[in-house]
Amino acid sequence: QKEVEQNSGPLSVPEGAIASLNCTYSDRGSQSFFWYRQYSGKSPELIMSIYSNGDKEDGRFTAQLNKASQYVSLLIRDSQPSDSATYLCAVNMIQTGANNLFFGTGTRLTVIP
Amino acid sequence: EAQVTQNPRYLITVTGKKLTVTCSQNMNHEYMSWYRQDPGLGLRQIYYSMNVEVTDKGDVPEGYKVSRKEKRNFPLILESPSPNQTSLYFCASSYSGDEQFFGPGTRLTVL
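Going down the list, the protein sequences come from chains P and U.
So for the first sequence, the working numbering puts the first residue at 1; every next one is plus one.
So for the second sequence, the working numbering puts the first residue at 1; every next one is plus one.
Some hints could be false.
To be verified - Label pairs and their in silico Cβ distance ranges:
| # | chain 1 | residue 1 | chain 2 | residue 2 | range |
| --- | --- | --- | --- | --- | --- |
| 1 | U | E62 | P | S20 | 34 to 40 Å |
| 2 | P | N22 | U | R9 | 31 to 37 Å |
| 3 | U | T22 | P | E3 | 25 to 31 Å |
| 4 | U | D38 | P | S20 | 23 to 29 Å |
Claimed, not checked - In silico lysine to any residue, SDA-like type, Cα no more than 25 Å apart, as pairs:
| # | chain 1 | residue 1 | chain 2 | residue 2 |
| --- | --- | --- | --- | --- |
| 5 | U | K65 | U | Q3 |
| 6 | P | K42 | U | G40 |
| 7 | P | K42 | U | D59 |
| 8 | P | K42 | U | E1 |
| 9 | U | K57 | U | L88 |
| 10 | U | K18 | U | V52 |
| 11 | U | K57 | U | P39 |
| 12 | U | K57 | P | S30 |
| 13 | U | K57 | P | E5 |
| 14 | P | K42 | U | Y95 |
| 15 | P | K56 | U | E99 |
Unchecked claim - Calculated from the model, a selection of chain P residues having no Cβ within reach of chain U, i.e. all distances over 10 Å:
| # | residue |
| --- | --- |
| 16 | G9 |
| 17 | P10 |
| 18 | S20 |
| 19 | D27 |
| 20 | L65 |
| 21 | A68 |
| 22 | S73 |
| 23 | L75 |
| 24 | D78 |
| 25 | Q80 |
| 26 | P81 |
| 27 | T110 |
| 28 | I112 |
Worth flagging that the hints you see were computed from the coordinates, not collected in a lab.
Fair warning: this is a prediction, and the values are worked out from it, not measured in the lab.
From the three backbone atoms N, C-alpha and C, an ideal C-beta is built for every residue, glycine too.
With these hints in hand, go ahead and build the complete structure from the sequences.
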């Protein structure tokens with residue numbers, strides 16, 4: 001079983017729509033959760049972090065965390081063509097006894113003008 | 001400007017020829033890490049360091065070495081590269097291991 005799982009996509013949404021990206025994780029003790037955006041050929045860029053159950057909003061981005069269901073999601077409102085990228089979910093897992101991030105394989109998002 | 005730098009950005013080498021990829025950060029971060037990214041496998045951690053002189057293995061450490069003699073630098077060493085180490089490599093740094101900031105990447109090809 002993969003430790004952090006995401007749908008690989010591709011996910012296509014029209015410009016102005018809401019894009020919904022999902023992620024599940026295996027370590028029930030995980031405390032820190034992150035979303036990174038990666039444009040083709042570029043390095044991952046941190047866009048959201050969330051530590052508590054519920055929603056966290058930052059501009060057009062909302063991260064949602066449900067620890068009981070081991071589920072974290074990212075909503076992108078009013079999607080723009082510039083949001084077209086691969087979105088990586090990362091979870092800080094304590095199972096190894098160290099402070100390390102485990103990444104999902106990413107969901108490729110395409111926003112259609 | 002706060003940043004993580006890596007050199008070289010692109011490298012083509014041959015099997016068995018030792019190489020070093022440098023990583024440097026100017027944010028005074030305690031934590032540094034190396035990842036490799038391969039299609040379909042995502043980002044996988046190679047080694048990490050919680051502080052100077054403290055390093056530990058990640059998920060895929062075989063064939064790699066690291067050192068952390070100074071807080072700002074964390075070089076990745078491939079003593080005898082093989083073709084299965086052809087990949088995109090990222091260095092990252094963080095205060096604690098949580099919000100990690102990535103370097104621009106090094107694309108390595110081993111022939």
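The hints, checked one at a time:
no.	hint	verdict
1	U/E62 / P/S20: 34 to 40 Å	holds (38 Å)
2	P/N22 / U/R9: 31 to 37 Å	holds (33 Å)
3	U/T22 / P/E3: 25 to 31 Å	holds (30 Å)
4	U/D38 / P/S20: 23 to 29 Å	holds (27 Å)
5	U/K65 / U/Q3	holds (23 Å)
6	P/K42 / U/G40	holds (17 Å)
7	P/K42 / U/D59	holds (22 Å)
8	P/K42 / U/E1	holds (18 Å)
9	U/K57 / U/L88	holds (18 Å)
10	U/K18 / U/V52	holds (24 Å)
11	U/K57 / U/P39	holds (22 Å)
12	U/K57 / P/S30	holds (20 Å)
13	U/K57 / P/E5	holds (22 Å)
14	P/K42 / U/Y95	holds (22 Å)
15	P/K56 / U/E99	holds (16 Å)
16	G9	holds (13 Å)
17	P10	holds (14 Å)
18	S20	holds (20 Å)
19	D27	holds (14 Å)
20	L65	holds (14 Å)
21	A68	holds (22 Å)
22	S73	holds (18 Å)
23	L75	holds (20 Å)
24	D78	holds (25 Å)
25	Q80	holds (23 Å)
26	P81	holds (23 Å)
27	T110	holds (18 Å)
28	I112	holds (24 Å)
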